[in-house]
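Counting with numbering that gives the first Met the number 0, you get residues 0 to 246 for the letters of the sequence shown.
In short, the hints are calculated from the structure, not lab data.
Be a bit skeptical, because a hint or two may be false.
Derived CB-CB ranges, DEER-like [stated by the list, open to error]:
{"no.": "1", "residue 1": "Ala45", "residue 2": "Ser154", "range": "36 to 44 Å"}
{"no.": "2", "residue 1": "Gly79", "residue 2": "Pro51", "range": "27 to 35 Å"}
{"no.": "3", "residue 1": "Pro185", "residue 2": "Gly80", "range": "24 to 32 Å"}
{"no.": "4", "residue 1": "Glu193", "residue 2": "Arg142", "range": "22 to 30 Å"}
{"no.": "5", "residue 1": "Gly17", "residue 2": "His206", "range": "17 to 25 Å"}
{"no.": "6", "residue 1": "Gly79", "residue 2": "Pro197", "range": "16 to 24 Å"}
{"no.": "7", "residue 1": "Thr93", "residue 2": "Ser154", "range": "24 to 32 Å"}
On a predicted model such as this, the values are computed, not experimentally measured, just so you know.
Glycine included, every Cβ here is placed at the ideal spot set by N, Cα and C.
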Amino acid sequence: MSSGGVTVLVIAKEPRPGRVKTRLTPAYTPAEAARLAEAALADTLAVVRDLPVRRRVLVLDGAPGDWLPPGFTVVPQVTGGLDERLAAAFGGCTGPALLVGMDTPQLTAALLAPALAGDAWSACDACLGPAQDGGFWALGLARPDPELLRGVPMSTPHTGAAQHRRLREAGLRVRELPPLRDVDTPADVPPVAEASAPGSRFAATAHRLDAWTRAARAATAPGAAAPDGAALHPAAADRAALDRAAG
């Protein structure tokens, strides 16, 4: 079957301050964490937009914004745990489906190629992309079956292994995709930005926030305080304005 017969699902949360990437705080403000989340989602959607696939679906918790490119069908996430939400996403598909999240902005078409090649499903029944934190960043199923996800413990260091085991216990042939690091904590931001494509929104946002942080620290270092109540350093002012605009 050609890649044109594959549905690609992107499961995501609306990048609003306080609702996304809360584990990035307090190293980043809620507004900054949301900016990183929006950039990661935009980069992911840009890659999926250009794939030669049958259908592109954004499975969204929240409302779409101007970060959503054309060419996507938007469906709301169901209520329940992550396993139920993933199961429902696959349940709405006919034919092969590949699901990715919004936490791996270093995603490229080449990384997804094994699941989209013309003979992708002749030698396997499922594709699984392990994440370095023990989860998974991609899951593809030749014949989507929600029961393959229901009850799998999510958001644990063993989620990827548990999902792999569920697939194998169902008698499926599983092809592993390359492992990726996803963005969960502040320590993840620099290496993922470094691994992202040149000119990506995530890399640009991460580098800009890092520059603001370093400039603000320099401005508030001993001996660097402005006399007589002078204005806040521009970098720190930019961060404060960002929080006010987002709040």
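For each hint, the structure was consulted:
1. For the pair Ala45 and Ser154, the beta carbons lie near 26 Å from each other, so the given range of 36 to 44 Å is not met.
2. Range check, Gly79 to Pro51: Cβ separation about 33 Å, and the 27 to 35 Å hint holds.
3. Our hint of 24 to 32 Å for Pro185 and Gly80 holds, since their Cβ atoms are close to 26 Å apart.
4. At roughly 37 Å, the beta carbons of Glu193 and Arg142 sit outside the given window of 22 to 30 Å.
5. In this structure the supplied range 17 to 25 Å holds for Gly17 paired with His206, their Cβ-Cβ distance being about 24 Å.
6. Under the hint 16 to 24 Å, the C-beta atoms of Gly79 and Pro197, about 39 Å apart, miss the expected range.
7. Range check, Thr93 to Ser154: Cβ separation about 29 Å, and the 24 to 32 Å hint holds.
Hint compliance for this structure: hints 1, 4, 6 are not met, and every other hint is.
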